[in-house]
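J.: For the record, the sequence lines run as chains A and B. For the first sequence, counting from 1, position 2 maps to 2 in this note's numbering; every step adds exactly one. For the second sequence, counting from 1, position 126 maps to 126 in this note's numbering; every step adds exactly one.
There is no bait here: all hints are sound.
In silico lysine-lysine, BS3-like type, Cα no more than 30 Å apart, as pairs: (1) A:466 - B:280; (2) B:85 - A:260; (3) A:137 - A:421; (4) B:85 - A:257; (5) A:260 - A:232; (6) B:85 - A:91; (7) B:280 - A:458; (8) A:261 - B:85; (9) A:421 - A:410; (10) A:458 - B:289.
For the record, the hints were derived by calculation from the structure and aren't laboratory data.
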Amino acid sequence: MALWLTRSRTVVLQSLKQKHAFWAAAAPLRSSSSSSSSSSSSTVPFPCNSSSPNLFWVNCRFKSTLAMNQLDSLPFSDSDDEQALDFPGGKVTYTSEMTFIPESQEKRVPCYRVLDDNGDLLIGSHLHQMSKEVARKIYNNMVTLQVMDTVFYEAQRQGRLTFYLTSSGEEAINIASAAALTPDDVILAQYREPGVLLWRGFTLQEFTDQLYGNKGDYGKGRQMAIHYGSKKLNYVTISSPLATQLPQAVGIAYSLKMDKKDACAVAYTGDGASSEGDFHAGLNFAAVLEAPVVFICRNNGWAISTNISEQFRSDGIVVKGQAYGIRSIRVDGNDALAVYNAISTAREMAITEQRPILVEALTYRVGHHSTSDDSTKYRPLEEIEYWKTTRNPVNRFRNWIVKNGWWSDKEETELRSSIKKQVMHTIQVGEKTEKPPVADLFSDVYDVTPSNLREQEKQLREDMIKYPQDYPSDVPL
Amino acid sequence: MGTGLTRFGRRMRWVPSGLTRLGKQFSTSVCDNNPPAKSFNLYTAINQALHIALETDPRAYVFGEDVGFGGVFRCTTGLADRFGKTRVFNTPLCEQGIVGFAIGLAAMGNRAIAEIQFADYIFPAFDQLVNEAAKFRYRSGNQFNCGGLTVRAPYGAVGHGALYHSQSPEAFFCHVPGLKVVIPRSPREAKGLLLSSIRDPNPVVFFEPKWLYRLSVEEVPEHDYMLPLSEAQVIREGSDITLVGWGAQLSIMEQACIDAEKEGISCELIDLKTLIPWDKETVEASVRKTGRLLISHEAPVTGGFGAEIAASIVERCFLRLEAPVARVCGLDTPFPLVFEPLYMPTKNKVLDSIKSTVNY
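Chain A on its own, in the form it takes in the complex (with noise of 0.2 Å):
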């Protein structure tokens, strides 16, 4: 198709070609016989002599009938549909007016939210059913969010903790998205959605496990701290390099599409990896394979220090869609309940008529990238505080909640002191829980240790025997 698409553009180039040049040289001839000696410069085409043959064709070719009579010729005429092109994808008109499909269109894509910044629900929004059981728990998770990166984040400051990455700011597209979906869905993360996770169950020690790498980590110490994962709630381990769970979210999805599940995979990613080319070939995959996958798409204006507009010159991430033949909405990342409605009909559009949809978030990365880095150092503080307050998704949802008469200063005090002392209690327990065992390091590099590994086991175990101040003291043989 592609051969042949190269082959009709030869064409209609060679025979544009010609005619521009026959007429070219036919067109002096005319104005000379029938111009008068004041001959303007209008009735020559001079004006036009543009170093673009083309752009000189187009604007030239209905000052000369002589041009006019050529186009009579011509394969194609203005939206001649009977000679539409019957085309891979659907019929397409031609067209003789050589327009260039804008960069940008002149007014952004609006982004879709139903609370505004006080909180209050913004006139006609249509809500999808939320019980003031959910609520509740939306606003819990993400206070218990809040509260376990604080201390965690405290907690890597003083040394107890190797590394760690906040979701500050993104409380409500971390919770109220794993609110919209089911138990069933399967989440692909990237790194900055550890409250899906904790929307699904869990535990704080898990948490902390992962953390500090102990013998209750699932991953086995093997991965950074923030790496977690769990079978059991449907969420695929976390893998640093980026967009690299797009792709495979649209084999999972196909899984599920073939098992015909009432269920879809959910890919969490952040702006900067929408430059990644596994993110193009995700949305393209599912989009051709109808793969029932939700991309959700958190643009929080930074990676790392690189900021959007240094990382795409396109209107954000929602745009993209629209290209790999994907539905998609913008949606304010820091209202939870226009993230929850959101998502849920996300998924049920993926569901219902397996396909992909994109989700972008407009949210901000409150914190710093990671506790590796001080990003006061490339953004302004006033730009951080103004996020952090006037446009705080955890304040705007806790408004909503406590005018609906769900939530009162009482039980938010009592909520943050207990999820303090939670999170402290689990690191003062991870903290002693010991390593995993040496066996550890060696066993899942395939199903089945082969006989390098095993030899290469043997020889360690003698090695740390012999030179044990050269190995953690709390790694078990």
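Got chain A; can you put chain B on it based on the hints?
T.: The following block gives chain B in isolation, referenced to the frame of chain A:
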């Protein structure tokens, strides 16, 4: 490609007869309680394996660029018609997408059999293979795995393939714990090893010698059978020198062994079959017997898998070795068009190396 193979066959006239001889000589441990085998070429053997894989497991899928109509090498012929377009289908032209998709599919307990049209084009999928497929089980503490993944890709010289249709990239993947790399030498081997790879609970990169797709013909049992992974095979016994190779290069090495025999040198030839995790024991046992080792592969010599074999065997058999380990491999240049016959580790290069090693 088909015409290319024919052309190559003409140019290297010895190849078909050599392969016939190989076909007779190379014995595989196939169960004999089944109807007699008919002769098939390598791509047909692959095709049979794929038919069996799809037939025996409703959760098996075959996909890749152009596989729907049978594939550019015809390996997937008839699959879509028989098993439907939801199980056998074309994908967009995007290798990282193919492998990423395959990993997700495999992670759900399916057998994802992905085709990369040429091994030369596997590199966009390198990250998905190295950072994702290989580590899927390990990083999750065995909560998740993509063991049902098999990536098939035609590799190696073809006579006119030049830089981007000839490469042997196996060594890149041999440096990746968590992957298995398998390369068959003949139709019967290809079928049995491919079925093992597909059913192995680990991700496997399966390189098919495209040189041999049509040229290599031997009796292939039509039933479902598997050949063990990570088991090398002595395909020619000898006492003076051990030769180790895989895939298409074995036919060149076999020729050199035959010629060396005429000069009174007894060569033992080993087909490694699985490059990682590889069968060190079989090679070690052979070198302990012969005292000499020669490794040959089409890929460039520097950093090739031959280097790993050489180092390992020197570690284990240093005092038994009577000569330096020899490597006869591709040159350290990109794979050239006009210069292909110069680049290749030809029979005479192997033969010369056998002689100089034995006479060291």
